[in-house]
Amino acid sequence: MILETTQQALQALFAGSVPADGAEAATPRGNGVITRNYKIHGYHLDAQVATDQLLAAVTILDHAGFFIESITGVDWIKENQMEVIYDFSRYDFDTCRVVIRTRVPRDQPLVPTISTIYAGANWHERETHDFFGIKFTGHPHLVPLLLPEDADFHPLLKDFKA
Amino acid sequence: MGGYFSEIFNGSKSLLIGMGITFREFFKPTVTVQYPYQTIKMSARFRGHIELIADEEGKPKCVVCGMCERACPSGCITLGSTSIEIEVDGKIKKKKVLSKYDLDFTKCSLCGQCVENCSFGAIEFSKEYNLASTRKEDYHFNLLERLKRLEERNA
Amino acid sequence: MSAPIQLRPDETFILNVGPQHPATHGVLRVKMQMDGEYIVKSETVLGYIHRMHEKMGENRTYAQYLPNLSRLDYLGALGYTHGHVLAIERAAGIEVPERAEYIRAITVELNRVASHLFWFGAFVMDLGGFSPLMYAIQDREHILDMLEAVTGARLTYCYYRFGGLYNDVDDDFTEAAKRFIPRMRKSLKKYDALVTGNIIFQKRLEGIAPVSAEMCRKYGATGPVARGSGINFDVRKNEPYSVYPEFDFDIPVYHECDSMARYKVRMDEMEQSLRIIEQGLEKLPGGPIMAEKKPKNIKLPVGDFYQAVETARGSFGIRIVSDGDKNAYRLKLRSPTYSNMHLFDEACEGMLIMDALAFMGTLDLVIPEMDR
Amino acid sequence: MSLTLLNVIVAVVIAIAFAAANAAYLVWAERRGAARIQRRPGPNINGPFGLLQPPLDGIKLMTKQLMIPGGADKILFMVAPVLAMAPAIMSFVTIPFSEGIAAHNMEIGVLMIFAFASMGAMAILFAGWGSRNKYSVMASVRAVSQNVSYEIPMLITAITVVMVNGSMDLKAISTAQAGGFWHWNIFPSLQSPLMPISFIIFFICSLAETNRAPFDLGEAESELVAGFHTEYGSMGFGLFFMGEYANIVIGASLTTILFLGGWDCPFGMFPGVWWFLLKIYILIATFIWIRWTFPRTTIYGLLNLSWKILIPISLFNLLLTAGLLKVF
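Order-wise, the sequence lines are chains Y, D, E and B. According to the working numbering, numbering within the first sequence proceeds without interruption in unit steps and concludes at 162. According to the working numbering, numbering within the second sequence proceeds without interruption in unit steps and concludes at 1155. According to the working numbering, numbering within the third sequence proceeds without interruption in unit steps and concludes at 2372. According to the working numbering, numbering within the fourth sequence proceeds without interruption in unit steps and concludes at 3328.
Only chain Y is shown next, with the shape it has when bound in the complex:
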């Protein structure tokens, strides 16, 4: 139930541009919403949005009563991109796990913060900044959290050498 309404709401962000068949296979995949097989992937909805659509997408989930599970990054060094992955889930029995992704260029990793919508995103974003160097614009306190205060390295980057 919530699955369909959330999918529609997220789909509305892409204003009519229905993802082509095989969008899943394309690398890097285009923006859009894909339903995933929960049995295999462990989540239901997979939405890739542009960076400027992020806040709108997260707001949709906030209004629908989702809670924030985690935020993380992936360094796609071959495509020279970085991906930020937002996990959302629900407290009720209408199970629906939603993954929001956004991709940013590797040399200019700027993503708007969602800590204004979800206060709990604060630490997750700081952690992602620690590990990947992704800058969350508008974040109130973007200093290293898990790494030492003076850390200027980002250990989860694929070209990081200890």
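Just so you know, the hints here were simulated from the structure itself, not pulled from any lab data. Idealized CB from N, CA, C, for every residue including glycine. Be careful, since some hints might not be right.
As the list claims (entries may be wrong) - Straight line, CA to CA, 27 angstroms or less: simulated BS3-like cross-link-like pairs of lysine-lysine:
| no. | chain 1 | residue 1 | chain 2 | residue 2 |
| --- | --- | --- | --- | --- |
| 1 | Y | Lys39 | E | Lys2237 |
| 2 | E | Lys2296 | Y | Lys161 |
| 3 | E | Lys2178 | Y | Lys135 |
| 4 | Y | Lys135 | E | Lys2041 |
| 5 | E | Lys2186 | D | Lys1028 |
| 6 | E | Lys2293 | E | Lys2283 |
| 7 | E | Lys2299 | Y | Lys39 |
| 8 | D | Lys1100 | D | Lys1061 |
| 9 | E | Lys2031 | E | Lys2041 |
| 10 | Y | Lys158 | E | Lys2264 |
| 11 | E | Lys2190 | E | Lys2203 |
| 12 | E | Lys2326 | Y | Lys78 |
| 13 | E | Lys2186 | D | Lys1013 |
| 14 | D | Lys1100 | D | Lys1127 |
| 15 | E | Lys2296 | Y | Lys39 |
| 16 | B | Lys3064 | B | Lys3074 |
| 17 | E | Lys2178 | D | Lys1028 |
| 18 | E | Lys2299 | Y | Lys78 |
| 19 | E | Lys2264 | E | Lys2189 |
| 20 | E | Lys2299 | E | Lys2326 |
| 21 | B | Lys3064 | B | Lys3134 |
| 22 | E | Lys2264 | D | Lys1013 |
| 23 | E | Lys2055 | Y | Lys161 |
| 24 | B | Lys3134 | E | Lys2031 |
| 25 | D | Lys1136 | E | Lys2186 |
| 26 | E | Lys2041 | B | Lys3134 |
| 27 | E | Lys2203 | E | Lys2189 |
What the hints assert, rightly or not - Far from chain D by the CB rule (all over 12 angstroms, computed), these chain E residues:
| no. | residue |
| --- | --- |
| 28 | Pro2019 |
| 29 | Val2040 |
| 30 | Ile2094 |
| 31 | Phe2180 |
| 32 | Arg2185 |
| 33 | Ile2200 |
| 34 | Glu2214 |
| 35 | Gly2230 |
| 36 | Asp2250 |
| 37 | Gln2272 |
| 38 | Glu2278 |
| 39 | Gly2324 |
We have chain Y; now place chains D, E and B onto it with these hints.
Structure of chains D, E and B alone, referenced to chain Y:
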């Protein structure tokens, strides 16, 4: 006002119940083991550091395939081998023999990947747990040496 | 709770609670701006025991990563390894024999009871009562003995394997577990009389540190913290995995939102875990404990896989991004206390330091798990 | 004149020895008792039943270096432990252990003991302030507010007893209760029907006055690290420790004298010092037993208990006793 006194009463009652419990515990026997003076038997599956198993001749069963070395998550096993020539059915064959089996126990996480990956049943967990030391070097075990000592003791 | 007095943010001092402080149960630092005994503002500083487990996940094969999971949370380690093996099995499509899943569920629940017991003892010690810790450790010791006989370790288990288990349980274990359940129930009654009923204890927890359901949602709090705020959320029920749908158990939920509610949730959960263990031992089927069709070197298909499990502390998630290799391209661990602790800063404003540290106790922090 | 002086000196030496021995062996008793409650053996290696543990601990404490934290107020820091121990020993001087065993009997014995007991709060305040440690300051402020608020109900109940017995002389109070437990002050009489409640109030207050659990807010080891003695090591800590136990003995002795008939036998036979000692050790055992059973109260819970429950009840009791004394 009634609530005031009933709270005092119920509160005092709950305190007395608690004191009753500790009073009863006072007379129960102790449950601890006086460790250096008493020890308990380790369970059969207890995982101490790994140990080589000897065959009937007292030589290690290990054939130096290196599976344990590769499976180890923390790289704490180092193998070494020498080849010797042995005579089998009148022909001279070369055979790899274990010359070194070092375990760096400081890194070991006792996951059991090495034992699981050994196709020849050549290593097992020991029941050793008295391993306190202030020096790192005391945890670099030479398992081949250890096996020899064990064999000598058994013989 | 708003402070009963007018706080003076201009007349404050900074109190460093931690990194070494008895109440933080590890190396956690909370920088508190205090007005007398009242907290004006607090900032949590993490990372004192950060070990970059996620990078290790990228460098090791999936099987080699197994021991890492139990180093996250040393009190409820089996729940975390369970999450990892389930994620791999889900992605690689490995069918696990029923017996193995039952044994997994039984051992995870035993571990959950052990974890809650230790939390109970440590929490009461936070409040100044020392003896309950010793009683709790006595009961926990029985569980550890049982788990040692099965897994070979007492704390950092590495027992589950992709597709099954390291080794089977024997009759000794089932007998010991059956004997343990009534003994544990008796102990729970004792704890109820000794601690829960105690007026001093109640006065310290009731109405203290309210955390609203909305706050839990914004911070992503899960586990007993969320359930103490009236949120009926438990991954075992909401997104059933393993053999949990086969069991008849309840999820304790309290609507008071205070420290007492969080305490009661955990105490009730122990009873529910005992019910699961009881049923599991009864239903325990025979058969193999290892999947027959299982590749020796596991390689996952390309893709992004997520698995959530309910550990003793809340919903633990593991995300594996695979590029088809034998180790993960990216491995993310979503640790429950990380989110639970996050709300501490906001919730403790205006609280007395005493209440705030009791509140921190109800969050059930395990620092290595939070810092990863 | 010189004889009395000699008397006092001998008595003080004995009092110090008694206090030190008590402090040392009460630690042992407490550790053994707590261990039994928690089903472990407790210290049992050094000597039979671990009886050599206290002297060995003492040697360890004495041989340790006395550290003064940088920036601490040296004078206050050094004075505080002495101030914690000295009044406790002084209080022993006036306590009558039996008919003939009292170092120096005073007519204002009750007053004197309370005066010395109040000095304990000073020691804690000095220690907390002198340590230059935020936790210590917070703890000492807590402990002082606690001591101040618990002295009131304690004094009021003591006044009630003084009124009933018509004397402030501890020896006179004991003697007035001679002849079996029905003569003791704890036993409700026509003149003072609420005496058992007074006894409980006095007992709770002596727990709070000695900073014992569940009222050990000055230490509160899980919140304030070690409270007012966080920065103390070596014998400075040892003196605080001994002071605490000496205060417990004083509290138990005072409770015994004021309410439990001092050295009087419950059945009116063989009165003597052994009864006194038996009574105080039973009370101390209860102190220990309580400590290992309950969690700590909150600071506001503690003050509420004093101001909302103990003070009104003890005041009511005082007025009632005064009125009844006038009538009968």
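Hints, verified against the model:
no.	hint	result
1	Y:Lys39 with E:Lys2237	16 angstroms, holds
2	E:Lys2296 with Y:Lys161	30 angstroms, violated
3	E:Lys2178 with Y:Lys135	54 angstroms, violated
4	Y:Lys135 with E:Lys2041	26 angstroms, holds
5	E:Lys2186 with D:Lys1028	15 angstroms, holds
6	E:Lys2293 with E:Lys2283	25 angstroms, holds
7	E:Lys2299 with Y:Lys39	18 angstroms, holds
8	D:Lys1100 with D:Lys1061	13 angstroms, holds
9	E:Lys2031 with E:Lys2041	8 angstroms, holds
10	Y:Lys158 with E:Lys2264	45 angstroms, violated
11	E:Lys2190 with E:Lys2203	19 angstroms, holds
12	E:Lys2326 with Y:Lys78	19 angstroms, holds
13	E:Lys2186 with D:Lys1013	21 angstroms, holds
14	D:Lys1100 with D:Lys1127	22 angstroms, holds
15	E:Lys2296 with Y:Lys39	23 angstroms, holds
16	B:Lys3064 with B:Lys3074	18 angstroms, holds
17	E:Lys2178 with D:Lys1028	23 angstroms, holds
18	E:Lys2299 with Y:Lys78	20 angstroms, holds
19	E:Lys2264 with E:Lys2189	13 angstroms, holds
20	E:Lys2299 with E:Lys2326	5 angstroms, holds
21	B:Lys3064 with B:Lys3134	24 angstroms, holds
22	E:Lys2264 with D:Lys1013	21 angstroms, holds
23	E:Lys2055 with Y:Lys161	12 angstroms, holds
24	B:Lys3134 with E:Lys2031	13 angstroms, holds
25	D:Lys1136 with E:Lys2186	45 angstroms, violated
26	E:Lys2041 with B:Lys3134	17 angstroms, holds
27	E:Lys2203 with E:Lys2189	20 angstroms, holds
28	Pro2019	24 angstroms, holds
29	Val2040	32 angstroms, holds
30	Ile2094	16 angstroms, holds
31	Phe2180	15 angstroms, holds
32	Arg2185	16 angstroms, holds
33	Ile2200	8 angstroms, violated
34	Glu2214	32 angstroms, holds
35	Gly2230	26 angstroms, holds
36	Asp2250	27 angstroms, holds
37	Gln2272	24 angstroms, holds
38	Glu2278	23 angstroms, holds
39	Gly2324	20 angstroms, holds
In summary, the structure is inconsistent with hints 2, 3, 10, 25 and 33 from the numbered list given earlier, while agreeing with the others.
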